[in-house]
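Colleague: One letter stands for each residue in the lines below.
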Amino acid sequence: MDLKTVDLIVDRHQEKRTALISILHDVQDRYKYLPIEALKVVASRLRMDINEVYGVATFYKSFTLVPQGKHSITLCLGTACHVRGGPKILRELKSLLRIEPGQTTPDKQFSLNVVNCLGVCAIGPVMMVDQKFYGEMTSIKAKKIIEKINNKPSGVKS
Amino acid sequence: MRKVKSLKDLEKWREDILLKEKRHEMIVSVCGGTGCQAYDCQQVKEAFQKELTKTKNLKEKVALKVTGCPGFCERGPLVTILPQDIFYQKVKPEDVSEIISKTIQKGKKVERLLFEDSGAKQKLTSANEIPFYRSQMRVLLSRNDLIDPTHIEDYLSVGGYQSLAKALFKMEPTAIIEEIKTSGLRGRGGAGYPTGKKWEDCKKAPGTPKYVICNCDEGDPGAFMDRALMEGNPHSVLEGMLIGAYAIGASQGYIYVRHEYPLAHKNAEIAVQQARKVGLLGKNILDSGFDFDVEISKGGGAFVCGESTALIASIEGRVGEPRSKQVHTVKQGLWGKPTNLNNVETWANVPLIIEKGSEWFSSIGTEKSKGTKIFSLVGKVKNTGLVEVPMGMTLKKIIFDIGGGQQNGKKIKAVQTGGPSGGCIPASLFHLPVDFDSLTEAGSMMGSGGMIVMDEGTCMVDVAKYFVHFLQEESCGKCLPCREGLKRMGGILDDITEGKGDGESLALLQDLAEVVGDTSLCGLGKTAPNPVLSALRYFRSEFEAHIHKKRCPAGVCTPLIQYSISDECTGCGACAKICPTQAIEGKKKQVHHILTELCSKCGSCKDVCKAEAVMIQ
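Chains as they are written, first to last, in this note's numbering: chain A, 2 to 159; chain B, 8 to 624.
So here's chain A without its partners, still in its complex pose (with noise of 0.2 Å):
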């Protein structure tokens, strides 16, 4: 694994162990998750002990530890997308893609995430695919933006 890129995101924020979090997010935008090899550069370079940085990535939702699949998919599950339908859409997600919340499929091609709100509450339920919104979900047309991907290897077109 090249940590090269790690390295230079530390330097980028001055090795301030206050930019902890920041330091994550960019390691993460550029790995897709947070390598543990990774992890340890962060901590080496701002002098903090492992563990603590371990803590740090482990708190918080946005970042995960395991590497993710070549689609996002993340299903809002905010008060609003909830009243809305949104369980029975995490129903049909779930037995599409034969994963749960936090996981990826095997042949690495999906990752399904929940969230607690996107904040696009007026169109709800929202479903994010691969960074692009989607409102007034039904389970329905969530099988149908499945099968779009699957069929479209180079990803999803609205």
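Calculated from the structure, these hints are not laboratory results. Nothing here was measured: the structure is a model prediction, and the numbers come from that model. Misleading hints may appear alongside valid ones.
As the list claims (entries may be wrong) - Taking lysine-lysine and the DSS-like style, the derived pairs with C-alpha atoms no more than 30 Å apart in a straight line are:
#, chain 1, residue 1, chain 2, residue 2
1, B, 344, B, 128
2, B, 97, A, 145
3, B, 403, B, 418
4, B, 177, B, 19
5, B, 27, B, 12
6, B, 608, A, 144
7, B, 344, A, 142
8, B, 404, B, 375
9, A, 17, B, 99
10, A, 144, A, 133
11, B, 608, A, 142
12, B, 290, A, 17
13, B, 389, B, 404
14, A, 142, B, 613
15, A, 144, B, 10
16, B, 27, A, 95
17, A, 5, B, 344
18, B, 404, B, 211
19, A, 41, A, 109
20, B, 594, A, 142
21, A, 133, B, 344
22, A, 149, B, 97
23, B, 10, B, 332
24, A, 144, B, 584
As the list claims (entries may be wrong) - Covered by chain B, per the in silico footprint, the following chain A stretches (three or more residues, Cβ under 8 Å):
#, segment
25, 58-65
26, 123-130
Yeah, the Cβ is synthetic: ideal placement off N, Cα and C, and Gly gets one too.
Since chain A is already given, all that's left is putting chain B on it; use the hints.
Modeller: Just chain B now, kept in the frame of chain A:
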């Protein structure tokens, strides 16, 4: 971008911008908020760009702006044509050439894109005529559809940074604090602490440097007021922070934006960079001798970080655990220094108060809650979106006049306010005014402004369970009552919704809820039982139906419901086709039926049935 070194420079720049804008005969503003992005507003904008370049002279005459959120998200993408004030909704890229040829070139309206008032069966031209907007008082959101948030020039053209100039050159710091105190502004994050008092305490606290923080960690599920403000008008927040920092004597500010708001983060970043570039942030701002800069901090997806001490820990790069507030953050906050933290909406109110005066502000609202408040009106209501109204408007007016009432023929039975710290208010109390104090008496709170409407199809036991699981997941784990108590409460509620509740479940739940509230350290834990206690207070019969009759009246809790098909069935076969477990049988054009033993209760059949023949019992 030019550098403004003095007040004179700023005013000269504003004049130049206004002069330049005069060349435009029309403005086409396309909403670029996250809601409209879900409906592909980007493509609408691109279509306008393409079409405007095609026609001779149009590009010079018409200004195209991608603006922040005007609030009526479910009708997006939204396009407003100014100065005619024509409000087009649900605009698609293929509508753009018609808008240009008809509206822009000939001044005629494209009828099909106008909002139709279903009651009066009438097409409405201006946004202000639409029932959703008619009863609102849009002060904070009024500029969202006028300015491109990524252009500081746009903010200046609507009078931006005038309040900062007034504060720096015409007011003493103590006079500013006095003005905010007199205005009666209270913290919009939910607690409602008097803003002026907080500023004064921070100013008086010994120690330097002092910090100001903008809390944009809007974690309440179902609320997105701060996102819309930060995305749509970030300079107004920045101007508020500048004025506050000057009054308090702070030299450094932080904007803490939650990770789930990428556009708000981006627009805040652009605003800070532009302000720094032109000299509105940095050393000796406008030659006043005042130094101030702002850094943006990104959250990590933890609800508890909306709490001030946890947020501060997160900015410091640590785990977001709250601490005891025996010594308040105004005395010892960020890095142990005096720190004043306010939320986005509070900061955005500041320039308006300085510009229009405390008297104007305090003339709006109720005796103890002044000004306007933005609410996120969502859930099972006809018109959803952001609503800005004077404090004290009744729930009924907001939900029925602005929200248009029920959505799918199901009666509205409650509204959830205050997020996970609030509760559910039954329809019988919709006469209550919405302000900082009235809803607290009813067992909920106004909170930061989330308003999730619930109808007969919403199960209140399921909602209580939802909030307990939400909080259990978001509990930082520092103290036992919250960490373990919520887990046990979740367990009891799981049992009830699965038909395993017994005669003791409710008493145990109530006891546990009270202990969690009484013994937790921070606000999250202290208020965590509210959704359960309010549901028990107003919807006890629903809990009892689950326990004693093993029935979910709303038809939500899957272990307690059964699907069946009524005689309304036309025999189209759509349900049998979609059923993942092949549990539906029936001949073509004949009434189908569900094999209960195979049914997984996924509800897909109900979703596809056009005859509405699928029933839940």
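Colleague: Does each hint fit the structure? Answer for all of them.
Modeller: Hint check results:
1. B/344 to B/128: The given pair, whose Cα atoms are some 60 Å apart, is violated under the 30 Å limit.
2. B/97 to A/145: 22 Å, holds
3. B/403 to B/418: Holds, because 13 Å separates the two Cα atoms, which is no more than 30 Å.
4. B/177 to B/19: Status holds; Cα separation ~19 Å.
5. B/27 to B/12: 21 Å, holds
6. B/608 to A/144: Holds - the C-alpha atoms of residue 144 of chain A and residue 608 of chain B are around 17 Å apart, at most 30 Å.
7. B/344 to A/142: 51 Å, violated
8. B/404 to B/375: At roughly 20 Å apart (the allowed maximum being 30 Å), residue 375 of chain B and residue 404 of chain B satisfy the hint.
9. A/17 to B/99: Given that 30 Å is the threshold and the Cα spacing comes to 47 Å, the pair is violated.
10. A/144 to A/133: 16 Å, holds
11. B/608 to A/142: Judged against 30 Å, a Cα distance of about 18 Å means the pair holds.
12. B/290 to A/17: Holds - the C-alpha atoms of residue 17 of chain A and residue 290 of chain B are around 23 Å apart, at most 30 Å.
13. B/389 to B/404: Holds - the C-alpha atoms of residue 404 of chain B and residue 389 of chain B are around 14 Å apart, at most 30 Å.
14. A/142 to B/613: 14 Å, holds
15. A/144 to B/10: 53 Å, violated
16. B/27 to A/95: 55 Å, violated
17. A/5 to B/344: The hint is violated at about 36 Å.
18. B/404 to B/211: Not OK: residue 404 of chain B and residue 211 of chain B at ~42 Å, beyond 30 Å, violated.
19. A/41 to A/109: Roughly 25 Å between the alpha carbons, so the hint for residue 41 of chain A and residue 109 of chain A holds.
20. B/594 to A/142: This hinted pair holds, its Cα atoms lying about 27 Å apart.
21. A/133 to B/344: 41 Å, violated
22. A/149 to B/97: Cα-Cα ~24 Å, so holds.
23. B/10 to B/332: 42 Å, violated
24. A/144 to B/584: This hinted pair holds, its Cα atoms lying about 14 Å apart.
25. 58-65: As far as the segment 58-65 of chain A goes, the hint holds, because 5 residues have Cβ atoms under 8 Å from chain B.
26. 123-130: Result for this restraint: holds, n = 4.
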